[in-house]
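Student: Listed here are the chains, written in short residue letters.
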Amino acid sequence: MDSVAQRLSAVGAGAALELRGVTRLFGALAALTDVTITVRPGERRAVLGSNGAGKTTLFNCITGDFPPSSGTIRFFGEDVTHFPPYERIRRGLRRTYQISALFPGLTVQDNVYLACRGVSRGRFSLLRPGQNDALMHATDSLVQAVHLTAVKDQRVAELAHGQQRQLEIALALAGAPRFVLFDEPAAGLSPTERAELVEILTSLPAHIGYIIIEHDMDVALRVVESVTMMHNGRIFKEGLPEEIQSDPEVQELYLGGGHE
Amino acid sequence: MSLTHDARVAVRPALAQRLARTWPEINNPAAWIVAAILLIMPLIANGFFLIEIFATTLILGIMALSLMFLAGYGGMVSLMQLTIAGFSAYMVAVFGVSGNANISLGWPWWLAVPMALALATAFGTLGGALAVRTEGIYTIMITLAIGAAFYYFTNQNWAIFNGHTGINTVATPHFWGVNWRADIPFYYVVLAVAALCYFAVEYLSRAPFGLALQGVRDNPRRMAALGFNVNAHRVAAYAFASFVAALAGVLQVWNYRQISPGSVSVGACIDVLIIAVVGGITRPIGPFIGALIFVLLRTFALDFLVRLGLDGNRFRLLIGLGFLAIVFWSSDGVIGLWQRWRQSQRPRTDRPGGGRGHG
Chain A
1 MDSVAQRLSA VGAGAALELR GVTRLFGALA ALTDVTITVR PGERRAVLGS
51 NGAGKTTLFN CITGDFPPSS GTIRFFGEDV THFPPYERIR RGLRRTYQIS
101 ALFPGLTVQD NVYLACRGVS RGRFSLLRPG QNDALMHATD SLVQAVHLTA
151 VKDQRVAELA HGQQRQLEIA LALAGAPRFV LFDEPAAGLS PTERAELVEI
201 LTSLPAHIGY IIIEHDMDVA LRVVESVTMM HNGRIFKEGL PEEIQSDPEV
251 QELYLGGGHE
Chain B
1 MSLTHDARVA VRPALAQRLA RTWPEINNPA AWIVAAILLI MPLIANGFFL
51 IEIFATTLIL GIMALSLMFL AGYGGMVSLM QLTIAGFSAY MVAVFGVSGN
101 ANISLGWPWW LAVPMALALA TAFGTLGGAL AVRTEGIYTI MITLAIGAAF
151 YYFTNQNWAI FNGHTGINTV ATPHFWGVNW RADIPFYYVV LAVAALCYFA
201 VEYLSRAPFG LALQGVRDNP RRMAALGFNV NAHRVAAYAF ASFVAALAGV
251 LQVWNYRQIS PGSVSVGACI DVLIIAVVGG ITRPIGPFIG ALIFVLLRTF
301 ALDFLVRLGL DGNRFRLLIG LGFLAIVFWS SDGVIGLWQR WRQSQRPRTD
351 RPGGGRGHG
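Chain order of the listed sequences is A and B.
Note that the first sequence covers residues 1 to 260 in the numbering used here.
Note that the second sequence covers residues 1 to 359 in the numbering used here.
Chain B on its own, in the form it takes in the complex (with noise of 0.2 angstroms):
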């Protein structure tokens, strides 16, 4: 057979096929429910649940989601996603209005978020390029030095960073009437925000960009033999994932209107790299639902630990449990775990030859 014979031209498939290959959520009534809950959310659940649980896990589930990114997809484990998103969250409260006047510049949010992105996307490209010339254990020691680093540094500066007592009272946007920090639509930023980035990176997994850093992540040395350049394939990871991890930050800073040394500590770090990999790191959902666990646990193991008589203190306890048995049990998270049981209820026949490309 001649290489030089043409493919016949496949039979175009309908346009329903086609938006289905292209987004496979469509033909998932589970998806479809999710999203109706998460639009309808307002109207069933109180302020509390809607920011302290939802609007959290989102946030979360953002940040961790550009760790999946890196991780799952370009095999690069990096601890500075909550650092770069911290990164992003003091500069809204430096170059937006807070009650620290003497260091915030007092741009209006519509300038000082466009910086705040840009600055902690150079940022994390710039952590990136530094972690690339790395492998394995060495990028993650890398990105947490990197994550050390930064924590001790706003600890210790005071011109830029308020040293321990952080930036706070940072203002939120108000505009069109709505004070967009009022919890119902604070609720629906997030919501809009999370579906963009979780639908990006979907989008990117089948993009040339995407299938590249997946090739990069099972056999960097062939993709170099393909006329790839790995390094800057994965610097561009980096950027991308920056980016995600930025907008994550903003609305961290809009969310608590504050931010200080504490929400960047090392500790911090680590419980991004816990939710991603509770929830998984093989798909975009997973680490939306370790979110969700982490903050359910974080919000209500207390009173659970301390109804059985113990310290309510020890939630990070469950968390940490909850890790090993994960670790123990399914390397891709829960969410390997809801696969392995789909397939063991299907009839083996009807097993799909594995995904198109989620690796």
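In isolation and in its complexed conformation, chain A is listed as follows (with noise of 0.2 angstroms):
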């Protein structure tokens, strides 16, 4: 191990996410083997890696769409391994998908309101919301943030892929995130739309960290300090992104051959 990434999981206990030998089988697949990853608060993070090489699957397990089959996940000190995904979500996890995972049938408004008032109390008020509602303040500035004002009464099945993109953003910053996973936030963009996104993810408060899944290297390293190579499911190096860029072993695996 090199000493940079004795310096990534040095932390210890005032990690935001600590993982300590997560594997996740899928029968006799392992998807995920002894994965030990530490992330500081704010800390901003790529991982990388190719098709099939578990980064997905890191991610469910850390939110719970999927519980790890041994291992244990903390979250700002707490253990959440055996946590449903709602208890992380309210404790300041939050995640964006790969693929839209919207609510097509209700507006642009009304998703990122959900969105709002899931994190918050009041989930089975039978009162509709009023005009000063403090979360109907705050679904209008989150909707502004990702640019979509000009569609907010729009049935979501409606939008364009770039705007679904754009909404999957916001619902995952609702309330007062403490950690974000972003699936791929770019997949499908254009290259203005990108812009747009690493424009979305600097200036997002300090002090809230991510890990951030990404092909597009120029997207992924510059909204990045550190880097994670996975390979088949284990982590095969921690760096910063230059070293990890000119590692020899990294570019023969996963950067050279011209890459997307």
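I should point out that these hints are in silico values taken from the structure, not numbers from a laboratory.
Be aware that one or more of the hints could be misleading.
Stated by the list, open to error - Residues from chain B shown here face chain A by an in silico Cβ test under 7 angstroms; the list is partial: (1) A207; (2) P208; (3) F209; (4) D218; (5) N219; (6) L292.
To be verified - Listed next, the stretches of chain B that the computed footprint assigns to chain A, with coverage defined by at least 3 CB atoms under 8 angstroms from CB atoms of chain A: (7) 192 to 206; (8) 223 to 231.
As the list claims (entries may be wrong) - Covered by chain B, according to a simulated footprint, are these stretches of chain A (three or more residues, beta-carbon under 8 angstroms): (9) 82 to 88; (10) 115 to 122.
For clarity, every value in this text was computed on a predicted model and none was experimentally measured.
Every residue gets a Cβ at the ideal spot worked out from N, C-alpha and C, and that includes glycine.
Using the supplied hints, reconstruct the complex from the two chains, each of which is provided in its own coordinate frame.
Tutor: Take a look at the structure:
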């Protein structure tokens, strides 16, 4: 293990996210094998790796969409390994999905409103929100932040792909996120939309850390301070972006041969 | 653009605009006309039409409304809504006054009815708690199994449900000098309860609870990833729908003054599904339209078929054919047909960008 990796994982108890020996089996197939990662609060990290490297499975274990087969997951020091997803989200974890997971029958505003409501009280409220409802204001500013104000009353099923990706991000930033998992947020975006995405990511408040899965190096390496390489369900390398980019083994495995 | 940027406070809309947003019916002349006709119905309809057609339609409509709430907003097709209504009806007869003095406890209606509503809501919520562990066709199977089990249980249990004869001459409320089961007062009682249920469902569809339910319908996994306990939401939806169905059950037992296993048969459970689907499960008005079509067919198809020289008992064939046609050509029922016709009449630029959350 090199010094950078030691430094990255030596933070210990103060970590935002700490995975110890996380393994996830699908039948006989090990999607994740003995993954140990520590991420500081406010740290921004990219997870790289070819298809099937286990990146999305890693996210699913962290959020609880699938529980890990073994190992422990701590979120800001608390053992959340056996928590249902909603309990983790209420503690400040957020995620986006590689394939947009939205509510197509509802409007943009209702989608974002649900995200704001999910991490606050009154999820079962039988009273409609009034005009001065604090969550309605939070909803409006989130919609504005992802440039969707013009279409806020449209049903999500009618949105263009790029707009759906932006909404996907808005849903993950509702409330007071402490740590966000972005699963290929740039997938299918135009160059202009990519630039907007980079702007949104870099303008996030400094205390919000994130892990981003991204194949586009131009996006990934501009918005992170550290990189984890995965291969066949294992951690392959950890380091600074420039170290990973110049690492011969990594180049051989992933970056070499004209990557996308 | 910063995420912490505060949204500018929108100009407060005028009161009328806010009212119209809460109750879209206000701007719809057809809704006003329907409301007026329903209110003056006793002036234009005789006792037969008032009770056998309109009160019966409204009662069946309330039952189908409880299914529409679950299926349309929650994506859960429950075939036990009639069973919950029937359970509530039985409880009114068991706790209240009836001709079967050995079974009925003889409580006054104002004690028996809340008891029946509470027990039927609990019954439906328990059934829902079982059903929410499953999805799609398995939800249908579990709720159908509950309905079938209840039907056979009432047939065989004599201590409480009085077997296949059921409970007869159930007492109805008399107070303030009014016999509330007389045609005109009863019609208004049914109309008031139906209106209450309709507006409650309409209102809830835009409240956080109803919106979250629509989120659960569209994408339960994402709802969990937004901080919602999806199963708790589904069970709460069953609780609300059970209460609505229980109200219909009370009205039903007062309507017929008796309750027997025939009223809670599996066929009757499926009728409620047919009513909701034929009317349309995307809006709360659908179940009432479906119920009206069902009741009109059930009442008049017999004469109509006999006049054509066919067996009058084939009215179910007509209902079945209508059901087939609707499912083939309009997955959102009669109101879906109506909406598409309206849209085709309107210039394209005038089309709204989708309703506000009716899904």
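Student: It remains to establish, for every hint, whether it holds in the given structure.
Tutor: Verification of the supplied hints:
| no. | hint | verdict |
| --- | --- | --- |
| 1 | A207 | holds (5 angstroms) |
| 2 | P208 | holds (4 angstroms) |
| 3 | F209 | holds (5 angstroms) |
| 4 | D218 | holds (4 angstroms) |
| 5 | N219 | holds (5 angstroms) |
| 6 | L292 | violated (27 angstroms) |
| 7 | 192 to 206 | holds (count 3) |
| 8 | 223 to 231 | holds (count 8) |
| 9 | 82 to 88 | holds (count 3) |
| 10 | 115 to 122 | holds (count 5) |
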